[in-house]
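Enquirer: Since chain B is already given, all that's left is putting chain H with the ligands on it; use the hints.
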Amino acid sequence: MTSGSLFKLAWQQTLSAGRLPIWRALLLALTVAIAIATLLAVLGDRLEQSLGRQTAELLGADMTLHSSRPIPQAVANNANTLGLETSQVAQFPTMIEAGENLLLISLRAINMPYPLRGNIVTQPAQVGIPEPGTLWAEPAVLERLSLEVGQQIELGYAQFTIAAKLISTPDRGNGFSNFSPQVMINQQDLDATGLLGPGSRVRYRQLFSGDPEALNKLENQLRPDLASGERLITLDSSNNINGGALNNASRYLRLGALLTLLISALTIALSLRRYTLNSRDRAAVLLSLGMTARQLQGLFLLQLLLAWVVCALAGTAVALGLEQVTLYLLDDLLPQPVPSAQPALYGLGALLGLVSLITLGLPPMVAMSQVSVMHLFRRSATPTTWGGRMLQLVAGLMLTGLLMLYLDDLKLTLILIASLLITAWLLGKLGAWLLRISAFALAGKHTLVRLLRLRLQQQQRWHQMQIPVISLLLALMAISLWARSDLLDRWQSQLPDTTPNHFLINIQQHERDGVDQLLQSYDLQSQLYPMIRGRITGLNGEPIATAFTEQQRQHNALNRELNLTWGERMPAHNRLLSGEWSSQSDGDEVQLSIEQEFANTLGLALGDKLMFSIGSHTVEGSISSIRSVQWESFQPNFYVIFTPGALDNMPVSYITSFYASGEQRKVGNQLLQQFPTITLIDIEQLLAQARSLIGKLSDTSGLVMLLTLLAGLVLVFTTLSQELDQRRYENALLHTLGATPQQCQQLDLLEFALLGLVCGGLAAALGEIALWFIHQRLVLIEPVLHPGNWLLLPLAATALFTLTGLLARRRVDERNSYQLLRRLG
Amino acid sequence: MNEPVSEIILSAQDVAKRFDTQAGMLELFREINLEIRRGETIAITGPSGAGKSTLLSLLAGLDLASDGSIAIAGQNTHTLDEKARAELRSRHISFVFQTFHLLPELNALENVVLPLEIRGTTQATDRAREWLQQVGLGARLDHYPAELSGGEQQRVAIARAFASAPDLLFADEPTGNLDEHTGEAIIEQLFQLNTDQNTTLVLITHDNHLASRCDRRLHLHNGKLQEWPQ
Ligand SMILES: Nc1ncnc2c1ncn2[C@@H]1O[C@H](COP(=O)(O)OP(=O)(O)OP(=O)(O)O)[C@@H](O)[C@H]1O
Ligand SMILES: [Mg+2]
Numbered sequence: 001m002t003s004g005s006l007f008k009l010a011w012q013q014t015l016s017a018g019r020l021p022i023w024r025a026l027l028l029a030l031t032v033a034i035a036i037a038t039l040l041a042v043l044g045d046r047l048e049q050s051l052g053r054q055t056a057e058l059l060g061a062d063m064t065l066h067s068s069r070p071i072p073q074a075v076a077n078n079a080n081t082l083g084l085e086t087s088q089v090a091q092f093p094t095m096i097e098a099g100e101n102l103l104l105i106s107l108r109a110i111n112m113p114y115p116l117r118g119n120i121v122t123q124p125a126q127v128g129i130p131e132p133g134t135l136w137a138e139p140a141v142l143e144r145l146s147l148e149v150g151q152q153i154e155l156g157y158a159q160f161t162i163a164a165k166l167i168s169t170p171d172r173g174n175g176f177s178n179f180s181p182q183v184m185i186n187q188q189d190l191d192a193t194g195l196l197g198p199g200s201r202v203r204y205r206q207l208f209s210g211d212p213e214a215l216n217k218l219e220n221q222l223r224p225d226l227a228s229g230e231r232l233i234t235l236d237s238s239n240n241i242n243g244g245a246l247n248n249a250s251r252y253l254r255l256g257a258l259l260t261l262l263i264s265a266l267t268i269a270l271s272l273r274r275y276t277l278n279s280r281d282r283a284a285v286l287l288s289l290g291m292t293a294r295q296l297q298g299l300f301l302l303q304l305l306l307a308w309v310v311c312a313l314a315g316t317a318v319a320l321g322l323e324q325v326t327l328y329l330l331d332d333l334l335p336q337p338v339p340s341a342q343p344a345l346y347g348l349g350a351l352l353g354l355v356s357l358i359t360l361g362l363p364p365m366v367a368m369s370q371v372s373v374m375h376l377f378r379r380s381a382t383p384t385t386w387g388g389r390m391l392q393l394v395a396g397l398m399l400t401g402l403l404m405l406y407l408d409d410l411k412l413t414l415i416l417i418a419s420l421l422i423t424a425w426l427l428g429k430l431g432a433w434l435l436r437i438s439a440f441a442l443a444g445k446h447t448l449v450r451l452l453r454l455r456l457q458q459q460q461r462w463h464q465m466q467i468p469v470i471s472l473l474l475a476l477m478a479i480s481l482w483a484r485s486d487l488l489d490r491w492q493s494q495l496p497d498t499t500p501n502h503f504l505i506n507i508q509q510h511e512r513d514g515v516d517q518l519l520q521s522y523d524l525q526s527q528l529y530p531m532i533r534g535r536i537t538g539l540n541g542e543p544i545a546t547a548f549t550e551q552q553r554q555h556n557a558l559n560r561e562l563n564l565t566w567g568e569r570m571p572a573h574n575r576l577l578s579g580e581w582s583s584q585s586d587g588d589e590v591q592l593s594i595e596q597e598f599a600n601t602l603g604l605a606l607g608d609k610l611m612f613s614i615g616s617h618t619v620e621g622s623i624s625s626i627r628s629v630q631w632e633s634f635q636p637n638f639y640v641i642f643t644p645g646a647l648d649n650m651p652v653s654y655i656t657s658f659y660a661s662g663e664q665r666k667v668g669n670q671l672l673q674q675f676p677t678i679t680l681i682d683i684e685q686l687l688a689q690a691r692s693l694i695g696k697l698s699d700t701s702g703l704v705m706l707l708t709l710l711a712g713l714v715l716v717f718t719t720l721s722q723e724l725d726q727r728r729y730e731n732a733l734l735h736t737l738g739a740t741p742q743q744c745q746q747l748d749l750l751e752f753a754l755l756g757l758v759c760g761g762l763a764a765a766l767g768e769i770a771l772w773f774i775h776q777r778l779v780l781i782e783p784v785l786h787p788g789n790w791l792l793l794p795l796a797a798t799a800l801f802t803l804t805g806l807l808a809r810r811r812v813d814e815r816n817s818y819q820l821l822r823r824l825g
Numbered sequence: 001m002n003e004p005v006s007e008i009i010l011s012a013q014d015v016a017k018r019f020d021t022q023a024g025m026l027e028l029f030r031e032i033n034l035e036i037r038r039g040e041t042i043a044i045t046g047p048s049g050a051g052k053s054t055l056l057s058l059l060a061g062l063d064l065a066s067d068g069s070i071a072i073a074g075q076n077t078h079t080l081d082e083k084a085r086a087e088l089r090s091r092h093i094s095f096v097f098q099t100f101h102l103l104p105e106l107n108a109l110e111n112v113v114l115p116l117e118i119r120g121t122t123q124a125t126d127r128a129r130e131w132l133q134q135v136g137l138g139a140r141l142d143h144y145p146a147e148l149s150g151g152e153q154q155r156v157a158i159a160r161a162f163a164s165a166p167d168l169l170f171a172d173e174p175t176g177n178l179d180e181h182t183g184e185a186i187i188e189q190l191f192q193l194n195t196d197q198n199t200t201l202v203l204i205t206h207d208n209h210l211a212s213r214c215d216r217r218l219h220l221h222n223g224k225l226q227e228w229p230q
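Same order as they appear, the protein sequences are chains B and H. Each residue of the first sequence is one higher than the last, beginning at 1 in UniProt numbering. Each residue of the second sequence is one higher than the last, beginning at 1 in UniProt numbering.
Rather than coming from a laboratory, the hints here were simulated on the basis of the structure. Small disclaimer: the values here were computed from a predicted structure and weren't measured. Any given hint could turn out to be false.
[To be verified] Using 25 Å as the maximum straight-line C-alpha spacing, the simulated SDA-like pairs for lysine to any residue come out as follows:
no., chain 1, residue 1, chain 2, residue 2
1, H, 83, B, 366
2, B, 8, B, 45
3, H, 224, H, 68
4, H, 83, B, 302
5, H, 83, B, 372
6, H, 83, B, 301
7, B, 411, B, 772
8, B, 609, B, 666
9, H, 83, B, 1
10, B, 8, H, 141
11, B, 8, H, 127
12, B, 609, B, 540
13, B, 8, H, 224
14, B, 429, B, 393
15, H, 83, B, 6
16, B, 217, B, 232
17, H, 83, B, 292
18, B, 8, H, 90
19, B, 8, H, 124
20, H, 83, B, 280
21, B, 8, H, 68
22, H, 224, H, 34
23, B, 8, H, 146
24, B, 8, H, 123
25, B, 609, B, 523
26, H, 83, B, 540
27, B, 8, H, 212
28, B, 8, H, 126
29, B, 8, H, 47
30, B, 8, B, 297
31, B, 8, H, 34
32, B, 8, H, 148
33, B, 165, B, 204
34, B, 609, B, 578
35, H, 83, B, 7
36, H, 83, B, 204
37, B, 8, H, 107
38, B, 165, B, 94
The following block holds chain B by itself, in its conformation from the complex (with noise of 0.2 Å):
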């Protein structure tokens, strides 16, 4: 036979199982898994380089040096001889005066080359960084200050003119000094201002850009010889306020992929077995004429191709359009334009297609190749688990390896399976066994219902399979439902519309209750913390370098000064995670209360003692409770909190959080002319941006939601059609026992309808048991409870089998009675 007659015949054959059901289901379910693995693979990339660059800017360099004291010249030179561009930056906190206005500032001091990514935007428009003897201020100063541009101005002892409103700038420094109102200058003109005297808290900072490679040469230099008051920030290593939310979105946005992917495997490696089984007359017949098994599995092979190029194309087609989409609602959270994806990305889906297509498809193909032309003669005898163990090996095979894959560890990968396998098994059992409860709770009622007994027990082996595949599908889709419902309420809960939108700092102890009744007169919410700024010397007695490893050293906490307060309560919006709440110190030993990430990361447990430094007194408390924080919550959060009384005596300052709408808006203003050395700091627009942020990202999981929900669909009606299409036999034995066509077909639904309801309950108990970890150990979100959900997957469920049963069973009658034509006529 030459190839192009088989190519032809190949085509022929493609085209007639177009008409298929089964054949339908196989090119829906491998077009959905080439789509979502493409828009995967091609939005991630895309989205990875855009926040990268994103947060570059934020940064004003691709990694920055930060540092209590001056940097040396050599870590500059140093970065010049690697080709990387550099510049030096010093920052402080510092009270500017116009008249008998007095404001806290933050100065930057900066060298050209400045920014080394992302653009200083200034009214009017200005090049490169202020020219010597001329600043740039940010409309809050000027505001506050009752100046405009072009006014001179004095810093220390130089005078400057102020040449421009500075309207955005990245490298704002980070701590809570830097949210004061900003003033820019040229490092030219540090030393004349004398404002770096001792006692001045300037941070100093190095930035470097450029190739990645020799950046990362620069950081395996940089990084062992850190000193305590130096940091390295990387672009992986900064956080901004969105990075959890895309973490967690990311993270769902994968975990929804990954479902559908194997939804789909199990749809095609359904739909071929089938397809295959249905085909063994086909397979028969040309080996009868002729053909050897090898021409056999070469023309089914090239079936498989066919329909890989179709569905490789319109799958891919699919992705770009929902790339676009997808990009389109995050236009404007984006920085534009947003970088291409490498172009054999575009491929990856099409490539994993055919992958699990011939492997899928190899095994039940050349089994088919095997069928013997005595088949055509005598079809008694017909292996129903034809392929099957070998299908079994393979697609269990997959299954690990798009699950090592995805969670790029091989224990809990076997781990997972495992407990998948076990799962499936009881779950065979259990269903079973409900499903016999549940005929004999009808008993008695209905001549159906003997009958439903005894098609309980003929379908027993088929009930075992099923309802495990069934209910863990049903269980998958609900948990990507669920999971995207679950993680909405916390974004949202995470910034209602009362999140706060204004900070106040710098309030001192005299001011204190003055700003309290401000605000209470204003009817504002807000609960003042006091603060004071400590290191963290010891614990257990022992200094830093021996009481914790050089990794926990790492941590920011160790390495520079903390805010800490004190308290009778703890903060409304912490939660108590262990211990007690101590609301006063135990006779004489001071009470700590830590927060969980930090307690985790330096290995801290209730009961140790850690030591502090405050200004000129060291303080010893012992830890007695650990608490979660919302660190996206916009209240003030700290790592410790001391029970009163402990640092009393010391150099405290005051923190507030307040939401202010409409009227009330109007505290700010009063608030900054009668106690003029409050820092108040409005965020209102950076909520926005991160509202419009979680509003996007839900759009887009909603997308990917959709696809899952097809291709559960698209299994659930192939499994249920299969069945019903092998129900002949089945139905032709009961009819001998004298049951009617009507009672058979009610039989059918009677049984759909109660494995619709065992399998919608064992999905809602599954669903929640995998929820809880997935939100433990995977996204991080607080376990919660979905009763509703127990009573609406039953009844979706059942209403569901219903449906397709009466679908399918349709299309069974139609071409029973057709065939039955046929042979008459």
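Expert: Quick look at chain H with the ligands alone, frame taken from chain B:
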């Protein structure tokens, strides 16, 4: 009807077939001896379950006997592996089935062309067209199986079986799915082509009338194959 002496195309010696079943060893038949000459028409009859289809699959080299030997065109099937047997079948044997088994996505002509293309025969389409004309379907070349009646489908199947010029044609109840009248016409066709092509015809049937038209009639009953004297 045939030349008095012609070559032996198929022979069976002391053939037995047993199956291992759950209920123990099931022996369908044994000590079956048979010689079939080129051009002969043979009917195999017997009650349902007697093992007719099983015997046919042994004679056609689709399966191996438990005991004894079978030779097709002088080749002992026991000495050949599955691949070689497939080749032997492809060279000498065609089948006609009770349920026709045409490929639904191919039209009548393409169905008949297929075995020719598989064998790489030249001018396959022309030959196939001739065969279809011979069975009286010259006007229905581009009709698909679903558009043909049962009898017409079986005629396409017959054209397909003869197209590869087989020495032996096996038919398992070729008229079982057709009404009496159509069945008659199909049988007519088969015998006609058998005479024209000097093909050997082995058919299983429940139909006494059909069986009586064959040169020889073999009855399988209680594990014995008996030649009914004519
Ligand atoms: N592989 C096998 N294993 C076990 N038993 C078998 C096998 N193949 C056939 N049989 C049995 O051998 C017996 C004969 O089957 P066969 O199909 O040859 O009968 P038949 O004469 O063609 O019947 P019918 O006229 O109904 O077509 C049957 O009882 C069948 O169950
Ligand atoms: Mg038979």
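Enquirer: Hint by hint, work out which the structure violates, then give me just those numbers in ascending order.
Expert: 2, 8, 13, 21, 25, 26, 27, 29, 31 and 36
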